[in-house]
Every structure is written in structure tokens, then in C-alpha cells.
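Quick mapping for you: the protein sequence lines, in order, are chains C and F.
For reference, each letter of the first sequence is one residue, going 10 to 459 in my numbering.
For reference, each letter of the second sequence is one residue, going 583 to 1064 in my numbering.
A couple of the hints might just be wrong.
[As the list claims (entries may be wrong)] Calculated pairs, DSS-like style, for lysine-lysine (alpha carbon to alpha carbon, straight line, at most 25 Å):
#1 F:Lys726 - C:Lys337
#2 C:Lys73 - C:Lys337
#3 F:Lys782 - F:Lys925
#4 C:Lys337 - F:Lys782
#5 C:Lys73 - F:Lys726
#6 C:Lys283 - C:Lys337
#7 C:Lys239 - C:Lys377
#8 C:Lys241 - C:Lys377
#9 F:Lys726 - F:Lys642
#10 C:Lys283 - F:Lys782
#11 C:Lys73 - F:Lys642
#12 C:Lys283 - C:Lys363
#13 F:Lys642 - C:Lys337
[Stated by the list, open to error] Quick list of simulated restraints, FRET-style, between CB atoms:
#14 F:Leu800 - C:Leu106: 28 to 36 Å
#15 C:Ser87 - F:Arg804: 31 to 39 Å
#16 F:Arg804 - C:Leu340: 35 to 43 Å
#17 C:Leu235 - F:Asn966: 30 to 38 Å
#18 F:Arg679 - C:Leu338: 48 to 56 Å
#19 F:Ser963 - C:Leu51: 34 to 42 Å
None of these hints come from the bench; they were simulated from the model.
Every residue gets a Cβ at the ideal spot worked out from N, C-alpha and C, and that includes glycine.
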Amino acid sequence: MSVEALRPELLTDVLGRARARGATEADGFLIEEQHFNASVRLGQVDTVKHSREQRLSLRVFAGKASAAASTSDLSRDSLERVVDDATALARVTAEDLHAGLPDPAELIERVTDLELEDDGAEELSPEAKIEVARRAEAAALETDPRIANSEGAEYWDRRARYVYATSHGFARGYATTSFGLSVSPVASAGGEMQRDYWFSAARHRAALEDPAAVGRTAARRALRRLGARKVKTVEVPVVFDPDTAASLVRSIAGAASGPTLYRRASFLLDRLGKRIAAPSVTIVDDGTMPRALGSRPFDGEGLATRATVVVGDGVLESYLLDSYSARKLGLRSTHHASRDGSGVGVATTNLMLKAGSVSPDDLIRSVKRGLYVTELIGFGVNGVTGDYSRGAAGLWIDNGELAYPVEEVTVAGNLLEMLAAIEGIGNDLVLRDRTVSPTLLVGRMVVAGN
Amino acid sequence: MDDLSSTSPEHFFSDRFNVTPALMERLLGGELARRLDDADIYLEYRVNEELVLEENVVKKASRHVSQGAGVRAQAETRTGYAHTDEISLSNLEEAARQARAIADRAGAPGVLAVPGRGRAHDLYALAEPPIVTALTRKLELLRKIDAAARAADPRIGQVIASLSSEEIVILIATASGWTIGDVRPLTRLNVTVIAEENGKREIGSWGGGGRVPFDYFLEAERWTRFATEATRQAVLKLRAVEAPAGTMTVVLGPGWPGILLHEAIGHGLEGDFNRKGVSAFAGRLGQRVASELVTVVDDGTIPNRRGSLNVDDEGTPTGRTVLIENGVLTGYMQDRLNARLMKMAPTGNGRRESYAHPPMPRMTNTFMLAGQDDPQEIIRSVPNGLYAVAFGGGQVDITSGKFVFSASEAYLIEGGRVTAPVKGATLIGNGPEALRRVSRVGHDLALDEGVGTCGKDGQSVPVGVGLPTIRLDGMTVGGTQV
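So that you can see chain C by itself, here it is in the shape it has in the complex (with noise of 0.2 Å):
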């Protein structure tokens, strides 16, 4: 799985010739990246994927006017275009006042070693990854008879370098890896179908689960939801399960993030320093914590990543800012700069609602009657009013035991108003992915079914 060695020049001849073409400053990335994936349904091969991948990018400025390139070749012709077309661009656009680089006195020195990319550990060939996701498919076919179909499993791994430079001499980089295992069986009884799934990744291949037990929570998971029924329409407290728990920290995220706020179509504008959560909330964005998915040593602009307290308390304590949305609102930027082909965003590291010291059980015995939420589907979620709907499927909650699977409802209510009911956060954080919360109680919520 090498990667050949970057060619950080590539890119610094292509800032250089950025200004030789009349761009006051420039900055852009170079990276490269390999892929495999391996699947695997019923025991045999599905599907296996290798890639190579790279893209330079670049984006000038004409003093306040700016614009982006990027190819994903780096032969001469093609890289001189990206400069033609980048620089051909930005003197057609008008001048934004608060477009530009960071002060190249913030950016980062020393690059510090988060451990991202395993480096030690031995290549696996393709039969032994291939195996890996089969491991994980048979355990989920022998944890029960029910379980006769599967939509397979797969394993992956990507091994990626990464630089950022800028016009004013700025150049660094790292490499990360990530690896992965995902299983998706299918359990059916009576005529009825249910799948779920369950995943484990990691920047460490040591670090995955075992996957035999991926598979059998995958298994369990599926299971739960045989002889699933929909209910009545009613309105009662709502228990959020962590992976349910955390795309709920994603929308807090989306609405704090600068661009929203900037446009004026977030439902956390003008709340900054406000109470917008129950007390008990805390949510974490870290982008430094070793060896984690989300990590990163710096921003998309050459800042230094760092812990962020977006909810302390309660509170609506930071927004999430790259540097162009900090001077729009009048504000630093917070590290948060994210660069895709087209231009600089936001987007969080680590992101994590802190556990609280009630057990899952705990939570749901405290509930009379409810529903445990497992999944959610669907886009129902308005970022500029908070206003939630959501398809979901879960267990039913009867005097504080799980009942019986629900599916075929809906969740609804406004994100402002269920961060303030939230009753009770389970003592289960696991940080297995880039955003994470333990399981959560919002007192109360409209369930609509029949």
C-alpha cells in the first residue's frame, strides 16, 4: 500500500507561477491517496476495488478577488491550465473585503505527530483483507438461523499524504491511514425483512474491532427489529441510542458553523454566550487527540488545530470559523478551515457530547413509556428554524423495559427546544467515530405513526 513521495515542488512552482501571473497571494493543496476495498456477500467475493488518486489544488488571490483550480493531472500542460484557468477566474469576480490568507505569522511551525498513519504494521495482502470482511459476515451468519441473507461486508483501507502550502513560503504536510470493516445482514422471519448493520474504523489497523464481534452486534442489531410495528401518534420522551445521539451533534455543528452564520441561516445566529442546551450539555470539538479518525495537525488554512469548547454548560460558547467567515462576523478564526477543490469551508475534527454518569439501562427504565430511538432516515431537518422531522425505527419503551421494534414512524420537534429537554445523558461515550455522543432522554417529542 506505499504511496510514492509527494512532490511538494510540484505545488510550490504552481503557487510561484500564480504570481508571476499577476495573483498577489495564492495557497493550495497537493494530495495523494490509495484505496482498497474488498466485499464480500454469503461467504464469497463481491467486489474488490484498488485506487490511486491524486489532486492538486489551488486557489489566488487579485488582491481582494479570489478563485480556485484543481486537476487531478499533474502533467506541465495541465498544471500551467490550472494556473490559467484559477488567475482567468479571479479577474472576472469582484472584490470580497474580507477575502484572504491568515497572517502567515499564525500558521502552524512544527508539525506535530498525531500517529494518523500506521506505519508500522505489515501489509496485508488482498487474500488476508478479503478474509477480514469474511470473518465478519460468517459470525453474523451464525449468530442465528434468522439471519439467512446478508447485503455483505466489506473491509477498507486508505493511505493518504497531504500537503499545504502557501505563496509566502509556507509548506506542510503529513500522511494518515485509516482502516475499516463494516457488515450488513439481513434477519427474516414470517415474511418480514429487516437489515442493519454495525462498522468499526480506525487510523490503526490494530486498532479495529475484532470482527467477528462486528458482525454479531451487526447481527443483534437486525434481529431487534423483527416484528416491527408502527404506533399510535403521541407525544413522549425520546431516547436517542449514540449513533442516533450523535447525528443530532451534527446538526448543532452545521448551525454553528460560519458560513450558516454568516448567511444568516442558522438557528444559533445572534446566541453566542446564550444558554442553548440543558446545563448538563457539554459538546467538545478536538482536533489534536493521537491516533483519533478525526484528527488533523492543522486547518485547511495552515492553522493549528485545537480544542474547542462549542457548548460548555449549556452555553453556546464558540462557533466554528474558518477565516474568512471570522472577519465576515467580526470574529477569530477558530482552526476550522476545511479545503475541498472548489474553495475553504468548515467542518469539525473530533467532535463529542461529553458522557454523563447514568447508565443506557438507567436511562431507559426512567422512561414510562417512550421510544428508544436505533435509526433515523430522511433530510428533515431545517438549519435556519431548528424545525426536526425525521423518519425513525427503534424499540418501544413500556415502563422502562423495551417492548417491542417500531418502525414506519416519524420523530418531530424544533432542535432548540429538544437541546433544551434533554433529561439524561448516558454514561457510553465511545469515541468510534469523528462525531460522537452517548445515548441521550429528551423529555419529550412527537412520535406520529398511526
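Starting from the structure of chain C, add chain F where the hints point.
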């Protein structure tokens, strides 16, 4: 700017990368053909341009070029796929070696699939593809939209107008010895506005496009309509009341609400899920799955539509597949792999996001045929219910059949009349049941404006949907008003 369409795909790739059809066929014959059931090489060159105007300032102006080749080898149910973003003979040979390594592992003697070779369509040859139109003209239009949206209502605070243009050149060589290319233009104009009144804010959005020239947006004052529709929607929502919660009669307006079909039945009728027996529709061909008023087709051959293709991404000409005829399930959408394994014919639905992705069965333009009823009469027939005319996204669980789609513009129906606008709400249903509850179908079939993007297994492709006004007796509406 490059005009990629001025040359044939064959010449394009041989001029630029020295990769000729003959070379591709030799590679397929030599490296790939032995002991395989199918194989192909897919070359792609893509130019994409994105312009975003916010606060009357060009917030984003970008241009991207990507190129690459994907090589695929298949034996029985196994697929080996390798891709590279440097199109060269040596990389193609290496990719072919990697792809074959997995597919012929079992060493089963295979027979090369012979596709039903038909003629490619010619659905979107443009005198001036949108990617070549001058930037100054495009930016001028975005500025006019900004002004028109603000002029439409004083409560509009923010306007985001965006225009994306793309051109893709592809060349596919299949193992059965033929090479076919396509040049695909695509453009989309979008307007999003935020209305603000007494501290309340709401969002409105409208857009459209297709495989059309830039001038399409200037015809019939289309751009003005996009701006005023976005504005109207945002302002309307400022006075929206809580949406109802529970099961009720729902009337869907024409056009984009056809996303119902995409989610409720479309994905469930894709060949891969049915071959694997994981779709709620598996094994139901010939059975009644909808009201007899319902006929649904997937048609990739409509000129200039966003979801249309001259050939799919495996080189099979697109077609018109009847999925449901008078309520009876009549067809699946197939790519070559699943068609071969299910002993059916490919339907021209093998699509991929790019060279970096293997194809799978996907929808093109999916819509319900018009019925007999007067749309106004359909609304009058409902004592109490919901009338939904615009939607955001949707999603489906293929296996359980449960699907959702989220209304972004909807109204209460009270006493047969459309009354108060309601806040956005998700509608949820069960695919194999939902269309049985269609009790009225209007004569006003409309296709959407050309904004749809469908995601499956991490791959996004442009699609279209369409619907006449229909009445559904008993949909669950996820509002907050119990």
C-alpha cells in the same frame, strides 16, 4: 475554454492520451478476456465549473478537471475493479492485472456476455455546451437573479445564486469487442433565499437545468421564475403553522413530488437488490404492488433531461422500462452484471458516478403516467388532509421497504380547500403498500425542473422524477401537531 464536444470521444482520448479503441480492445482481449464473464474499460475526462454569488459578491468561482480510467473484470458474481487517474497504457495494463486478479481467482471457465447491442441515442448535442459559455454572461445572470429576488419582496435578506456547468467525455470498450463514446453536457441554476421578519427567518429554494445550453435559463424568463419561486416559498413559510402529526390523506402536486416514486419503489426495483433477495420487492414480478391507476416508467431517453443518457456507463443504450403497469410489477432496472445473473436483458441503467466507481443499477428519469382526473377536483375530494407541492430529499430502507421524503412546501386541506401553509414535515410510508393507496391520478403529469441527485452506496448521479397530481389515502405525516 475547452470545447470538448468539437471532437469525437475516440479522437479525444487518442489525441490527448494516446489511448485508442484498438489498444483498449487489445487490452481486453489479452489481459482480461480469459476465463471471465464480462470486462470493460471506461475512460473519462470531466471539466466542471462552479459559480456562486452571495450578497451580490462572487463567493466562489472554481474550475476542476478530472480524468481517469476504470477497468473492470467479472466472473460469476465477482467483480474486480481498478482505476487510475493517469490515463496511460502502462497504468491501464496494471489496472487490468489488478481487476483480473480477483475476478478469475476461482478459475471458472466463463463465456463472455454478448450485450444486446443497440444504437446510442442523440439526446443532447448542443451547439454551445454550457461549459464554454463566457463567464461574464453567467455572472451577469447571477447578478440579475440577486436583484430580482430582492426586488420581489422586502423581507428577503440573503440571496445565494449558483450556476454549475459540467462536460464529461467518456469512452467505453466492452469485452464483446465494441467501443462507444458519449459527450455529456449538464448544467444547473439554483436560487436560495432567506426571508426575515420580526426576528423570524425562513429559507426558500428553487432551481432547475438539464443537459441544455446556458441560454435555456434565459428562455421564457425561466431565471426570473426561479428567483420569484424561491422568494415566494421563503416568505410563505414565515407564516407557516405547525404541521399535523399522524396518518391522513395526502395530495401530492405535480413534478418534483415524484420523489415519492424514486424512494417508495424506484430503489427497490434496482436489479442488484432483487438478485440478492434483499429488496422488499424481491420475487414480486407479476404481482399487484400498486393501485390499478398507477403506471410508472423509468425513461433515460427524453431529450435534454438531467437524468437522460445516450448510453449508460457500460455502453448499453438507455431505454424506457415500464416498472409498474396498471398496478402490476412488470420490470426491474438492470446493469449488465445483474441482468446476466438474473437471466434478464440489460435495460441501460448501469451507471457510475465517475471512473473511480464500478457501475450498478440506477434510475434515470422515473415518473408516473398521467391519469384522468382534474387536479382541482382531486383537492376538492379531500375533506381534511395535507397538500404537498415541494420536497427536499428522501431516503429508503430497501429491505424493510420503509421510505421517507420531506415536504418543504405544504398546506392543510380543510373542507376540500387548500388553507394554511404548514412547516416542513417528513412523510413516511412502506414502499410495497404506499402506491396501493393511490385513489386519484391527475391529468397534469409534469417532470421536475432538473435538480435531482441520487445517492447510493456512496455514488451520486443526476436523475429526474415526475408525477401528476395524486391522492394517497393514508400516509403518515411527521408534524408536531398531535
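Results for each hint:
1. F:Lys726 - C:Lys337: holds (24 Å)
2. C:Lys73 - C:Lys337: holds (14 Å)
3. F:Lys782 - F:Lys925: At roughly 58 Å apart (the allowed maximum being 25 Å), Lys925 (chain F) and Lys782 (chain F) break the hint.
4. C:Lys337 - F:Lys782: Status holds; Cα separation ~22 Å.
5. C:Lys73 - F:Lys726: Holds, at about 22 Å.
6. C:Lys283 - C:Lys337: Holds, at roughly 21 Å.
7. C:Lys239 - C:Lys377: Given that 25 Å is the threshold and the Cα spacing comes to 18 Å, the pair holds.
8. C:Lys241 - C:Lys377: holds (16 Å)
9. F:Lys726 - F:Lys642: holds (17 Å)
10. C:Lys283 - F:Lys782: Answer holds: Lys283 (chain C) to Lys782 (chain F) is near 18 Å, not above 25 Å.
11. C:Lys73 - F:Lys642: Between Lys73 (chain C) and Lys642 (chain F) the Cα gap is close to 13 Å, so the pair holds against 25 Å.
12. C:Lys283 - C:Lys363: Holds, because 19 Å separates the two Cα atoms, which is no more than 25 Å.
13. F:Lys642 - C:Lys337: holds (15 Å)
14. F:Leu800 - C:Leu106: 28 to 36 Å: holds (31 Å)
15. C:Ser87 - F:Arg804: 31 to 39 Å: Since Ser87 (chain C) and Arg804 (chain F) have Cβ atoms about 35 Å apart, the given range 31 to 39 Å holds.
16. F:Arg804 - C:Leu340: 35 to 43 Å: The hint (35 to 43 Å, Cβ to Cβ) holds, given that Arg804 (chain F) and Leu340 (chain C) are roughly 39 Å apart.
17. C:Leu235 - F:Asn966: 30 to 38 Å: holds (35 Å)
18. F:Arg679 - C:Leu338: 48 to 56 Å: holds (53 Å)
19. F:Ser963 - C:Leu51: 34 to 42 Å: violated (49 Å)
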